[in-house]
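With these hints in hand, go ahead and build the complete structure from the sequences.
Take a look at the letters that make up each chain.
Protein chains: 2
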Amino acid sequence: MTNKPWQDKLIDIEPYVAGEQPQSADIIKLNANENPYPPSPSAAAAIREFDGNTLKKYPPIKPTELRNAVAEHYALDSSCVFSGNGSDDVLAAAFRAFFNSDMPILFPDITYSFYPVWCSLMKIPYKVLPVDENFEINIEDYAQPNGGVVIPNPNAPTAIGFGEEKIRRLLDLNRDCIVIIDEAYADFSGYSCVGLIKEYDNLVVTQTFSKSRSLAGMRVAAAMADPYLISYLDAVKDSYNSYPLDSIAVKAGTAAVRDEEYFRIVTDKIIATRQRVSEEMKELGFILTDSRTNFIFARHVSLSAKEIFEYLKSKGVYVRHFDLPRIDNYLRITIGTDEDMDTMLALLRSMPGILQG
Amino acid sequence: MTNKPWQDKLIDIEPYVAGEQPQSADIIKLNANENPYPPSPSAAAAIREFDGNTLKKYPPIKPTELRNAVAEHYALDSSCVFSGNGSDDVLAAAFRAFFNSDMPILFPDITYSFYPVWCSLMKIPYKVLPVDENFEINIEDYAQPNGGVVIPNPNAPTAIGFGEEKIRRLLDLNRDCIVIIDEAYADFSGYSCVGLIKEYDNLVVTQTFSKSRSLAGMRVAAAMADPYLISYLDAVKDSYNSYPLDSIAVKAGTAAVRDEEYFRIVTDKIIATRQRVSEEMKELGFILTDSRTNFIFARHVSLSAKEIFEYLKSKGVYVRHFDLPRIDNYLRITIGTDEDMDTMLALLRSMPGILQG
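Protein chains in written order, with our numbering: chain A, 90 to 446; chain B, 90 to 446.
Hints were generated in silico from the structure; no laboratory data involved. Check before you lean on any hint, since a few could be wrong.
[What the hints assert, rightly or not] Restricting the straight-line Cα-Cα distance to at most 25 Å, the calculated cross-link-like pairs of lysine to any residue (SDA-like) are:
1. B:LYS402 x B:GLU123
2. A:LYS146 x B:LYS212
3. A:LYS358 x B:THR143
4. B:LYS146 x A:ALA133
5. B:LYS212 x A:VAL220
6. B:LYS151 x A:ILE102
7. A:LYS93 x B:ASP357
8. B:LYS145 x A:ASP115
9. A:LYS216 x A:PHE203
10. A:LYS93 x B:GLU123
What follows is the structure, encoded as structure tokens:
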């Protein structure tokens, strides 16, 4: 196709190859960090009761009810909350709003794969800082001139998180740039740094409803920051796509965030399953990072990640294997229901070469 | 706030001022080109019957059922269809995918206000070509070196459209760039150039479900082009926000596009109302462009647009007035129900200084 007269005007981009998303009901899908439990019954009810006739109107340009609900959850003013169409939409808006410098932004080498993609899409210079041999982020590495910082806490796919002391140190080292903490998995860690936005006016915290709120299919996410930074996120949104959240997503998201009890039960259940399965996997010869997320990041003492991945897949259990430097011998396994995890554990036990716990 | 140490890293952007979106039920809202009729009953049913529990899973990365339905509507292969979160999302992806040149892209001076906004956001050079004194686009103006062309047909807010002969001329003049025809209002014009994508591999046609499909609140839109160009749109989408359409939007959009009969009835009704109201407005001293859309673009022989706008607003009828060069004495009035339009006409007749038809 390179002989087309308009070929030179197309974007220079690698076609994206999507991960496997098997749709069969027989399959146990532990490869997308989805929540195994359904969303809050009140979210489902909000959808059922939604008056489809009202869809003829545009949604509000600011989904106030959703932002109010998030603000209440974190005891913030609503002006500290931004919302968008999933974490990717919110993070991309933040990259555009806050990473406008000739100096590189900083992020870890092993982290969310979209950061470098957005940088190349938006022509943002960046520098990756290697995590250590235990996949730990060394905060002192971030004490260098930069155009911004983005770090997931907990990080993915390593599953490792850190607490307030390190976040404060990171922020103190970076008072002259915007620091984005991507808290996609924070609800499974017991720690969120959202409270620090009152102290650090350069801190932006993003969260998604796709994991702990079981709303991956509804595309809802939020960012929390000083109202001045939120006004920039809104200006970017309003200049790009003013209504990224449809009217039903606003209702379902609001209902989900207001159901604190259900959220607590589901999150605790996943954490308990994670702890139990982690112990059982250790007995089978797996070496795990200390997960603060809804997934496990693990390698096996003798079997390769690739062969375990293929074996589980052949038996209908999909986990995630990244064919990437440093982590190609690791598996990322989403925490499913206890029943699903038991199926996976039984399959692992049946694998030739596994240790017998 | 300019003394912040991180201020220089923020995007240089004008805060967007949203148009008035009064929420009161007493108000007649003719200012956002929304459809006055609800979406297809089958779209409402698809929402009602949606199993909220499935939202724990991500939507498919390609919403095949929606794209198939659009493809069938236009007798195309599904590989010729892209989909996104409203026209703005689809158009922004197209700007990014196809407008990568040092030469300016071309569009009319009076047109959709987001084109220059996206250009400045994405650093795309552009040149606006004035429409003539009757707001007509002169296709021959587009016979100049450029980095791409984007034209709405029909245009907004002028409401004027043109037929296949001019589109072909435009395409023949521009074989070495991508030409985007933004058909947000085409369903009210009786003409779409979608069929030409088989002949012109550089043509991209965008459409929205917000107008003729009454789904403004659901955020669904599509683009049609040669599969090679669609692969670029998907690559941009997959690199920016892979799942812009939530699972319910996919179902509702699919149901809406499959209900050809309802679509035809609603569209015909709006066109009939437009014709009737246009005639009545002429009798009251209005001068109208030849609308091919779901709105009227008009000025009055003696009263100023601003005073008519204020008068109607004071009576609870919101129309649109643009305080912009060349069009500041015009009103853009969305076609509502016959009843709503009769209320507006009665108000106009009651206005001091109006001609009595």
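Hint-by-hint comparison with the structure:
Restraint check for B:LYS402 and B:GLU123: satisfied, since their Cα atoms lie roughly 18 Å apart, inside the 25 Å limit. For the hint linking A:LYS146 to B:LYS212, the alpha-carbon distance of about 32 Å lies beyond 25 Å, and the restraint is violated. Pair hint A:LYS358 plus B:THR143 holds up; C-alpha atoms about 19 Å apart against a cutoff of 25 Å. Between B:LYS146 and A:ALA133 the alpha-carbon distance is near 14 Å, which keeps this suggested pair within the 25 Å criterion.
As the CA atoms of B:LYS212 and A:VAL220 are separated by approximately 34 Å, the hinted pair breaks the 25 Å bound. For a cut-off of 25 Å, the pair hint linking B:LYS151 to A:ILE102 stands: about 18 Å separates their Cα positions. Taking the CA atoms of A:LYS93 and B:ASP357, the gap is about 40 Å. The hint is violated against a cut of 25 Å. This hinted pair checks out: B:LYS145 and A:ASP115 have alpha carbons roughly 17 Å apart, not beyond 25 Å.
Straight-line distance between C-alpha atoms of A:LYS216 and A:PHE203 comes to about 14 Å, which keeps the hinted pair within the 25 Å bound. Between A:LYS93 and B:GLU123, the direct Cα distance comes to roughly 39 Å. Violation of the 25 Å bound is thereby established for this hinted pair.
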